[in-house]
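Visitor: Each chain, letter by letter, is given below.
There are 4 protein chains.
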Amino acid sequence: MFPEISCLPAPELPEDLSISSLGPAKIPSNLRCGRFIPDDARIYVHVSPSAIPPNGVNPTIEMAGPRERIYFDPTKTRCAIVTCGGLCPGINDVIRAITLEAHHNYRVSSVLGIRYGLEGFIERHGHTPLDLTPAAVANIHEFGGTILGSSRGPQPVEEIVDFLERRNISCLFVIGGDGTMRAAARIVEEITRRKVKIAVIGVPKTIDNDINFISQTFGFDTAVQEATRAIRCAHAEALGAPNGIGLVKVMGRESGFIAAQSALALRDVDFVLVPEDNFELDGPKGFLAALTRRLRRRGHAVVVLAEGAGQALLRSTGETDASGNIKLGDIASLIIRRVAEHMKAEGIDHTLKYIDPSYMVRSVPANSNDCIYCGFLGQNAVHAAMAGKTGMVVSKWNGYYVHMPLSLVTQGRKKIDVCSNYWRSVLESTGQYVYFNPDGG
Amino acid sequence: MFPEISCLPAPELPEDLSISSLGPAKIPSNLRCGRFIPDDARIYVHVSPSAIPPNGVNPTIEMAGPRERIYFDPTKTRCAIVTCGGLCPGINDVIRAITLEAHHNYRVSSVLGIRYGLEGFIERHGHTPLDLTPAAVANIHEFGGTILGSSRGPQPVEEIVDFLERRNISCLFVIGGDGTMRAAARIVEEITRRKVKIAVIGVPKTIDNDINFISQTFGFDTAVQEATRAIRCAHAEALGAPNGIGLVKVMGRESGFIAAQSALALRDVDFVLVPEDNFELDGPKGFLAALTRRLRRRGHAVVVLAEGAGQALLRSTGETDASGNIKLGDIASLIIRRVAEHMKAEGIDHTLKYIDPSYMVRSVPANSNDCIYCGFLGQNAVHAAMAGKTGMVVSKWNGYYVHMPLSLVTQGRKKIDVCSNYWRSVLESTGQYVYFNPDGG
Amino acid sequence: MFPEISCLPAPELPEDLSISSLGPAKIPSNLRCGRFIPDDARIYVHVSPSAIPPNGVNPTIEMAGPRERIYFDPTKTRCAIVTCGGLCPGINDVIRAITLEAHHNYRVSSVLGIRYGLEGFIERHGHTPLDLTPAAVANIHEFGGTILGSSRGPQPVEEIVDFLERRNISCLFVIGGDGTMRAAARIVEEITRRKVKIAVIGVPKTIDNDINFISQTFGFDTAVQEATRAIRCAHAEALGAPNGIGLVKVMGRESGFIAAQSALALRDVDFVLVPEDNFELDGPKGFLAALTRRLRRRGHAVVVLAEGAGQALLRSTGETDASGNIKLGDIASLIIRRVAEHMKAEGIDHTLKYIDPSYMVRSVPANSNDCIYCGFLGQNAVHAAMAGKTGMVVSKWNGYYVHMPLSLVTQGRKKIDVCSNYWRSVLESTGQYVYFNPDGG
Amino acid sequence: MFPEISCLPAPELPEDLSISSLGPAKIPSNLRCGRFIPDDARIYVHVSPSAIPPNGVNPTIEMAGPRERIYFDPTKTRCAIVTCGGLCPGINDVIRAITLEAHHNYRVSSVLGIRYGLEGFIERHGHTPLDLTPAAVANIHEFGGTILGSSRGPQPVEEIVDFLERRNISCLFVIGGDGTMRAAARIVEEITRRKVKIAVIGVPKTIDNDINFISQTFGFDTAVQEATRAIRCAHAEALGAPNGIGLVKVMGRESGFIAAQSALALRDVDFVLVPEDNFELDGPKGFLAALTRRLRRRGHAVVVLAEGAGQALLRSTGETDASGNIKLGDIASLIIRRVAEHMKAEGIDHTLKYIDPSYMVRSVPANSNDCIYCGFLGQNAVHAAMAGKTGMVVSKWNGYYVHMPLSLVTQGRKKIDVCSNYWRSVLESTGQYVYFNPDGG
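If you read the protein sequences in the order shown, they are chains H, W, U and A.
1 is the number of the first residue of the first sequence in UniProt numbering; add one for each residue after it.
1 is the number of the first residue of the second sequence in UniProt numbering; add one for each residue after it.
1 is the number of the first residue of the third sequence in UniProt numbering; add one for each residue after it.
1 is the number of the first residue of the fourth sequence in UniProt numbering; add one for each residue after it.
Hints may contain errors.
Which copy is meant is left open, because identical chains are indistinguishable; a pair holds if it fits in one copy or across any two.
[Claimed, not checked] Here are the simulated DSSO-like cross-link-like pairs (lysine-lysine), alpha carbons at most 27 Å apart as the crow flies:
id, residue 1, residue 2
1, K327, K344
2, K344, K396
3, K415, K396
4, K195, K415
5, K396, K327
6, K396, K285
In short, the hints are calculated from the structure, not lab data.
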């Protein structure tokens, strides 16, 4: 299976990684705790000499953190938070961190919680915003989901900015996936066109962990932990029957990070199938033959499947969902059906148990690691907005919290590099290359 | 919805609750720890005066526990354990308890683990039994499933008893559901016919908690705990979208105990649909209208569905599975489809998230409560077998471990009594009667 | 160790198990869900024929549940809840269940939450009561502790009843241990003396599970589950060093139920020391010799200690705490010191790790089993109060929720019967009788 | 409190970060899965331009991973693993990963598990090594602790190398803290002196996360997660009594990372006291006054204390433990005593509950994040050893797995930089600077 792999080209960087600003910061800070990040503190993009491009330039990104001088007068500042797209562990933690930082450390006048995603800006939907006080958010991190509610899909940018102006919002925090970040970019354009002073800060959210230039998205660690629960059960089911097969489908439309990472966490998985590594079902090097070899040798098998794996085997309908994502074909059904036919033909009396834990993976509260991460993201988002930054996201890169241009995170997707040491580790831990190889590996 | 309910008749008791025995116990016990249960210690069946039948007789059941005199000579005793049917939390705990009790307390010569259910007795399947030593079972309770594997469906009784005779087994422990208990009864008949001295002790297993005269089956408590994890996520999903609906399907073919109990545990559930309480989809008193009222009033809803609920709404195919159970129609798909149609007609833009946690509920390790319970079941099963009891199950009734005739547990199923205080509590905690009632409850 | 055990006498029942009432119930019920428990429904105390006293009378207890006719007019009824003594998993669940039942099902006019135990009734402490609305209690079951706060010790009964009269309270719910139940009894006396119409209903709470005539107190199941976490760690520590000893002290002042039950749950414990089963430290049959034998044979040992075990080995100071409990001597320190001396003398280089998880055991949220239990206790407490019952507690006996006279639960304590099958199981699962026996068991 | 802080100087790097090797690698690799890391692949030490020293040189470290050419002939290679010092989540995961990688991917002839730390090398202790086969380690990651056992303190280096030679060991993997890493360095010296070909690879372990040049030690993430359980309980206890104080002591002899990180995870903590940030007990800026202000304002307080905090307030005895660490004074006892005196003097009737979860924090199994981390550490340790590297540790730096000279990790300790954005976040999330400031913050 390996020789055929052609590797991912490295993502190309845009020329300019500098962050837009509403204007020079001026108002003396009232930050209570005085360690500031100078505005020119930066982090290298590349940490390995071999990754530096031929021109020898290692680009740098702006470091996040509290600035000594801020742009907005806190006493007159009104903030708004909106959460868009699918659920993900930690959204409530980000909402809480933004709210507490804005109230306790900057003493802003209010924080508004927009209901149900971008719909909440549009009058005719009639969703009244929530007043996010410290008391209102005190315990929300103990619960999964988002207390604001969410929705998918775009809304008219003009009406959104109308809302912001009418409500006198200075800082808008947008928590969402790459579709949402593109919407945020359009909101910034409209704000610029109107020459109003509103900072727009994104907090990228995707349970698939597939956003470019973000080491790991919040909630991913929790998602992996929950996915291992499902895999553990699939293992018990596989061992529980002659020729038992446990099949788990996890999220991962275009990137198989949850599948790969949870396989590494348990090291009880026999096959990991991800969108980045194509496979055939049929033929001596196909999955069905590999699975048969595994069953013949060990009597059971655990298969972890990213939802976007093997899409080449399905006929796409071309349909899209409300967020504009192409509807994926149902690879799990195809595999279940083809395994049944194949095992019947091979005379193997198998038992396949299928687990789809998706909503249980994404709707749990964040674990302590993600809580901490979300706390920093929220705090740094507020620091950035108060300093007058706009059109950017807060993120972590090479271990530092940074400001990234919105444009950087919306171009392309992060994928597993199947030529990497990481993917090799996955293959080693599953041993699947042995079974995919008709000569016995 | 209430007036129409007609209640369950109380299950009728067979005339004889006495336990069969292979013969008088005689060999002096070598039990290390000397508190014995006299053979005539018994427990009342009915604990409420009003449940005693008109004849005034409150039947009694034999108490379980170590006997001062035992039937088998431990040094010559070989035991076997077989696990059948679907997985359930705690099976490994029962296997471990039987093995440790037999080895440590009675010092039997060996305990054999039969692989893959009744198949393991049948030569042509080629499943070699495991030697269950204390070391081999030391940590198995930390894992879900069954280390022996399981299978469904009957096998020829003659071949099973041939196996037992050939392997010189004195005590057979059968862990399984009611189909398995019927198989155990047939094994006892064949043993009796052959006049061999083999004790057969059942440990009833069903995650549905639907076995007659067993207060609660092992694993049920764990299953409820796990089901609440799914419901918690469904709640987060329902709150996360305008008109969000979280739909969870849990196990419960003919009895809705998991659905009802997990709704009581969380008290965040809005509708519990179980096989015992029929409902319509259509009409002003139907589920679709009730759900619509709920959404209109509160904006979201959590629905917990037992897999066997609403079967009257589906056309049965009459097919059966390997265990002989009638294949249920897929009520979840029907509800999802009909809700979509109905909400479209009502002009309600809803989001339904469906979670089926079944294999995650049944394949986890037992929680501490079930661990303790399984430990006692296993120990008492060994005590019963060594005392020469046969054709019985160990169980808990009115807080005591007891010996019950196999015939008692295989007649009929335990169901939720919809006229009970218990079901009323479920309805109160969901408030569903309010929404099912077109006049506002 | 066994022959010397003298067993507990069975607790004697008071002559009268009937429940006091404020007067005949009369106001037609507005219960929304109509299955009522007739006032004469009763449950037998004894379930085993051999437990029935020589006079042949099996006493009965009143069954709990909603009554068709109630005493108080809900629209004019004000309730109050107070929580006293140490924390225990599930207190918030009981508060929540009482509040939701009173509001949703009876539509009472208000529920008052008294702050910090009996202190909250006394003006000079200045603790303002909380208004317990359904929204205020919606999520409190997700948190350990008590949202009302607690305190220890008595307060003047006159001032308490003054408070109830002044605030126009009709139903008082008292959640607490046996000291609190005695205080509740004195409150009832004062109410009776004043001839006012106030129902006082107790919900017995003790993490030690040592209240007479209550099968299991709420929170105990959760406490056992948490205690097993500590024992699991003690096991890892014991295995992690040559002659490693893991020592865990759990709650249990006069009764060792948590110690015994958590040992049964894990079956990895080597010694369980409880107040009911005396032991010596020195001598060939003493604990130090037993521990030495165990280390010599297996190289490690796990010891679980109830805090009240071995008090005969300590000189009592005679001091009492605010609740009037005698201050226990510190058995853990004594054992750690004596083990160190003994092992030094024996030339055994040991490592002892001591874990006291007490506050982590009692301050966690209730698990699903306890949630359900607390839900029923709270609902039935409201049913009892609304029906005009008073001077009683709600409890579970032989599987049914019942009304018990306050006097019954305050007389004596429930202890482990060291002659029982239960304790024998503990000894079998630890194997400690082998090591306590100098002849090798 | 802030102005007085003087910051940590940045740790100075040794001049040479290159890795020793036993000789050129030559034998063609039999790695099954062919993506190799070239031997000259390196990672920058500094990722922020401002951290680069005045000479403008950003040092680089060798990247870990499988090499195309290896030094040892796998068929003749015998490995050994030893675990030293205190327990830490994930040790079994590292043992398992080394064993599986060595057996499955390199097909080495055997892996030996040395019992009880360095003691296991010394004949007179009589600890027989374990044969670590893939089957033997299959499930060990589900358990805390170390299956090999551990011990503290040094052993004669000559005897250790005698053992390695006698047993024909080629690769020794040493899992332990900085004392152990110094022992490993001495073993390397002796091996070099004898001119034998034995690779020694360290895997640094410390639950305090205080090893220089290691972003995060394995087990730390799990430890934080477990510590938050204790803090959650302390919070429930603090809320449960008038003027309730919950005091939690966590590990952290010289570095307060667990305390700080778990405070960030929960954001319910009011005071974090760590060794890096000195504090006084008395005076208007002392802890007792700060705690009093907090109680007066909010009625409760949660305090998290690293074991090494406030040592200046205690008289050191100068004693050391078996590992050579100075015995810390008991700061918790001092604080409990002084709080009691102070509150009495202030007329505040307080309740303090003290939780020491140390052994429960360090003895649990690794969470999924640490499982993955330990898996990579173990795999890369084997890759390094097989390539003939020696005198180094595997570690993660700037997101990459790297080879670090042993000397680098044993010089000094990593501490919280109290001038950093990180510590500011801790102070913001606790708000403690407000209470430490007599003017109200």
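Visitor: Does each hint hold? Answer for all of them.
Guide: Taking the hints in turn, this is what the structure says about them:
Taking the shortest Cα distances, K327 and K344 sit within 27 Å of each other only across copies (21 Å), while inside one copy they are farther apart (31 Å). Proximity of K344 to K396 under the C-alpha cut-off of 27 Å is found in neither arrangement, the shortest distances being 50 Å within a copy and 43 Å between copies. Taking the shortest alpha-carbon separations for K415 and K396, both the intra-copy value of 17 Å and the inter-copy value of 21 Å come in at or below 27 Å. Neither within a single protomer nor between protomers do K195 and K415 lie at most 27 Å apart by alpha-carbon distance, with minima of 38 Å and 47 Å respectively.
Proximity of K396 and K327 under a CA criterion of 27 Å is satisfied in neither setting, with 30 Å inside one chain copy and 39 Å between copies. Taking the closest pair of Cα atoms, K396 and K285 never come within 27 Å of each other, the shortest separation being 40 Å inside a single copy and 36 Å across copies.
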